[in-house]
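When you get a sec, could you build the whole thing from the sequences and use the hints?
Heads up: the sequence lines are chains A and B, in that order.
Per the numbering used here, residue 1 is the first one in the first sequence, and the count goes up by one each step.
Per the numbering used here, residue 643 is the first one in the second sequence, and the count goes up by one each step.
Do not rely on the hints blindly, as some may be mistaken.
Simulated restraints, written as ranges between beta carbons of each label pair [what the hints assert, rightly or not]:
| id | chain 1 | residue 1 | chain 2 | residue 2 | range |
| --- | --- | --- | --- | --- | --- |
| 1 | B | Thr654 | A | Asp516 | 37 to 47 Å |
| 2 | B | Lys890 | A | Asp279 | 51 to 61 Å |
| 3 | A | Glu322 | B | Leu791 | 41 to 51 Å |
| 4 | A | Gly348 | B | Asp664 | 54 to 64 Å |
| 5 | A | Phe631 | B | Lys890 | 57 to 67 Å |
| 6 | B | Thr654 | A | Arg368 | 41 to 51 Å |
These are computed hints drawn from the structure, not numbers from a lab.
Small disclaimer: the values here were computed from a predicted structure and weren't measured.
Where is the CB? At the ideal position from N, CA and C, for every residue including glycine.
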Amino acid sequence: MDKNGILDNKVPAGSLADKWENHKFSMKLVNPNNKRKFDVIVVGTGLAGASAAATLGELGYRVKAFTFHDSPRRAHSIAAQGGINAAKNYPNDGDSVHRLFYDTVKGGDYRSREANVHRLAEVSVNIIDQATAQGVPFARDYGGLLDNRSFGGAQVSRTFYARGQTGQQLLIGAYSALMRQVAAGSVELHTRSEMLDVVKKDGRACGIVVRDLISGEVTPHSAHAVVLATGGYGNVYFLSTNAMMCNVTAAWRAHKQGAFFANPCYTQIHPTCIPTSDDFQSKLTLMSESLRNDGRIWVPTAFDDARAAADIPEDERDYYLERKYPAFGNLVPRDVASRNAKTVCDEGRGVGPLKNGVFLDFGAAIARDGHAAIAAKYGNLFDMYQRITGENPYEQPMRIYPAIHYTMGGLWVDYHLMTTVPGLYSIGEANFSDHGANRLGASALMQGLADGYFVLPYTIGDDLADLLGSPAVPTDDPVFTAAVAGVEDEANRWLSINGTRSVDHFHRELGRIVWDRIGMARNKAGLEKALTEIPALKEEFHRDVRVLGSADTLNQSLEKAGRVADFFELAELMARDALEREESCGGHFREEHQTPEGEAQRDDENFAHVAAWEWHGGDTPQTRHREELTFDNVALSQRSYK
Amino acid sequence: MSGSNGTTINVTLKVWRQAGPDAPGGFEVHQQAISTDASFLEMLDQLNEQLNDDGNEPVAFESDCREGICGTCGVMINGRAHGPQKATATCQLHMREFRDGDEITIEPFRAAGFPVVRDLAVDRSPLDAIIESGGYISVNAGAASDANLTPVPKAAADTAFDAAACIGCGACVAACPNSAAQLFTSAKIGHLGLLPQGQAERWSRTEAMVETMEEFFGSCTNHGECSEACPKEISLDFIAFMNRDYLKAKVKNRSLAGQR
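Below, the structure is given as structure tokens:
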């Protein structure tokens with residue numbers, strides 16, 4: 001940060017297209033024999049973490065990788081269905097690095113950093129080469145070459161895919177690269193180990209504190225650099241498409257050690273999820289966006305129409321997306337489709353037993369293309385839908401509703417992916433980075449792997465080079481002893497409250513507030529309400545939660561207690577961030593700021609910046625810093641899908 | 643429960659409880675009223691909520707994505723790994739597969755290679771040890787040539803994918819009367835061995851993985867229970883592929899230069 005409190009993003013000078021190449025040359029190197037003198041901790045083994053740990057190990061660093069899963073093959077990257085973008089231009093349809101860069105900046109509603117996005121587009125092509133060489137079985141055509149498809153409304157076919165399991169296959173690739181380094185001895189793997197604090201010495205990150213989820217043992221781990229690849233915070237909503245264990249704890253504990261948290265109000269809603277069916281629902285399931293290519297979305301014209309879909313005649317159906325957006329119809333972007341679904345359900349025209357969904361109807365497509373053709377395209381998705389709902393989508397329309405899916409906000413990082421704490425890095429969904437206010441489909445996998453395989457391994461050396469000759473801080477240093485004691489005390493505190501309600505009970509209640517007030521659409525009054533409701537519930541949580549059992553064994557309630565406590569603090573910051581951002585952009589829709597057509601109305605004059613929040617202790621509110629965003633290579637425009 | 647499609651059924655749960663790897667275990671019986679719309683694991687969530695309310699420790703069980711892809715979940719349900727529904731992981735099983743009055747026995751995956759951690763959670767780390775012994779293609783980041791330089795016949799790519807679909811849940815081991823891990827191991831050997839990229843290490847990989855597998859798990863006697871229980875329906879053909887390659891590997895890997 002400079003003296004005016006403006007964040008320095010360390011973006012190198014020079015023309016956009018040359019920045020990364022030139023910068024790679026100007027960065028300091030660590031020679032191969034010296035790399036083994038440096039310890040690097042990587043927390044998280046999803047796409048970003050596994051690829052980073054593997055690559056750093058290949059380079060010769062001494063890596064310690066930590067995951068709270070039982071195996072480094074489980075992280076939620078594995079559930080990504082659609083695909084991964086890359087500017088290969090194999091289909092010869094006009095794609096280029098610049099076009100992928102441009103689409104990503106525009107799709108992010110002009111709230112991302114140009115230089116980072118361009119670098120992402122540049123290395124995207126290397127990811128496909130790397131993954132293919134690892135044995136990732138991408139879809140191929142009959143000539144044996146890689147197949148591409150258009151995804152999420154893109155006008156070129158740049159998405160590589162592996163059936164509906166692209167995330168799984170890419171993660172298995174990164175996981176196998178990681179296990180190869182474990183076998184080689186360059187990576188020390190710690191499974192079932194949850195990071196619960198970042199440790200600093202003289203202002204620099206020097207290690208972490210970890211709780212073994214089986215034995216409960218709390219241990220310090222020291223390193224020259226710490227990398228957090230711990231994913232997004234969608235589970236602050238309780239119900240989301242995230243996996244059950246996804247949480248903000250690692251990032252949040254880093255925030256409390258001085259890492260700024262950027263744009264927490266940027267959250268992405270996915271329009272095609274299966275609606276909730278009862279109060280005990282544990283999570284939401286995403287149905288691939290590709291379904292909107294053939295399905296028609298509608299609700300009854302009449303309010304409170306309880307008839308079955310088949311009994312509602314054509315002229316009493318409202319195909320509202322086709323009506324409002326004749327050019328894009330059912331293929332409008334995720335945020336537009338989601339908000340429109342909310343509008344019709346709020347009006348009382350929702351469908352299903354809880355009136356909490358809209359129809360996604362394949363009747364016309366089946367009549368046009370035949371049952372077999374639709375089954376070939378979507379069979380696995382239809383089966384999944386039927387397994388969950390008990391309804392047959394070949395015979396009656398699917399019911400869908402939006403759900404939280406991805407979070408664009410996260411730890412603020414500079415061009416080197418370093419947070420505001422020296423020596424502490426953040427990669428993948430955990431950082432705020434490249435997606436601005438809205439992420440394009442098939443770009444999450446790209447960013448996680450770009451950071452891990454091709455960006456961090458270069459930038460981390462520039463920082464480590466200066467530390468040559470200084471050993472890592474020993475783990476018996478008082479900074480570690482104090483941090484270990486803090487984590488042990490926390491566990492004992494949860495166990496001693498002995499209140500009346502479960503952790504899940506409070507998490508579910510918190511999720512309702514966050515969804516209602518900081519969900520698909522936000523307004524001043526609602527956000528201000530959230531800022532009284534969340535602290536009140538938080539106070540109850542700390543007074544009345546019941547965590548049974550002990551700290552020296554597998555105790556899943558105890559694990560969750562700490563995670564939910566962090567969600568409470570994050571939720572408050574999300575509300576403040578959303579309140580202060582007096583504009584609509586991407587996933588952040590403020591009802592006060594919309595065009596006459598009901599689209600997001602940006603305020604580029606006052607809000608073309610990143611908001612990065614600095615922690616000052618639990619009793620003092622965070623302060624808001626800015627990183628100005630400048631756009632020299634794209635012209636800012638208003639999105640329109642009419 | 644607010645109005646939904648489902649009806650409520652009453653089931654009797656016999657749930658395995660075990661405080662730790664060396665502690666004795668036993669069944670605990672609970673009555674549970676549950677909506678048929680709930681998933682099997684949501685039923686366990688509700689049981690845990692009730693146990694917690696009553697001052698009893700919740701049942702430890704593992705799950706994460708609840709979409710049948712991460713491989714974290716898995717219990718024996720009435721003696722079957724992942725329960726009665728074909729091609730379905732525990733997290734995707736729904737209570738509409740059960741009837742009012744059913745008794746449901748829930749146990750951890752049973753295998754010598756998978757010691758119980760607590761209640762329904764087991765330690766499946768030997769599967770990672772098998773991958774560590776050779777379940778990869780050795781290519782450092784940055785060393786790859788253009789992805790389209792090596793065409794892969796579509797049939798080979800598709801078959802490799804069928805094997806690569808394995809989620810590493812361990813149901814194959816739990817279902818096997820011998821606690822063998824042949825289906826898991828062969829899925830990885832098949833995936834990499836069918837692709838041109840995987841040829842350089844094909845024989846050393848096969849030998850190393852098979853022999854690591856045998857350190858932890860039993861022998862295959864062709865019952866086929868593994869494939870039956872597999873949520874991704876991985877074919878027994880891959881075991882045949884692995885056995886063939888292992889035999890060839892033993893010949894090819896002999897330390898005579900001329901044999902390689």
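We went through each hint and held it up to the structure:
1. B:Thr654 x A:Asp516: 37 to 47 Å: 38 Å, holds
2. B:Lys890 x A:Asp279: 51 to 61 Å: Cβ of B:Lys890 to Cβ of A:Asp279: about 57 Å, so the range 51 to 61 Å holds.
3. A:Glu322 x B:Leu791: 41 to 51 Å: For B:Leu791 against A:Glu322, whose Cβ atoms are near 44 Å apart, the range 41 to 51 Å holds.
4. A:Gly348 x B:Asp664: 54 to 64 Å: 59 Å, holds
5. A:Phe631 x B:Lys890: 57 to 67 Å: For B:Lys890 against A:Phe631, whose Cβ atoms are near 59 Å apart, the range 57 to 67 Å holds.
6. B:Thr654 x A:Arg368: 41 to 51 Å: 49 Å, holds
Figure legend: structure checked against the earlier numbered hints; every hint is met.
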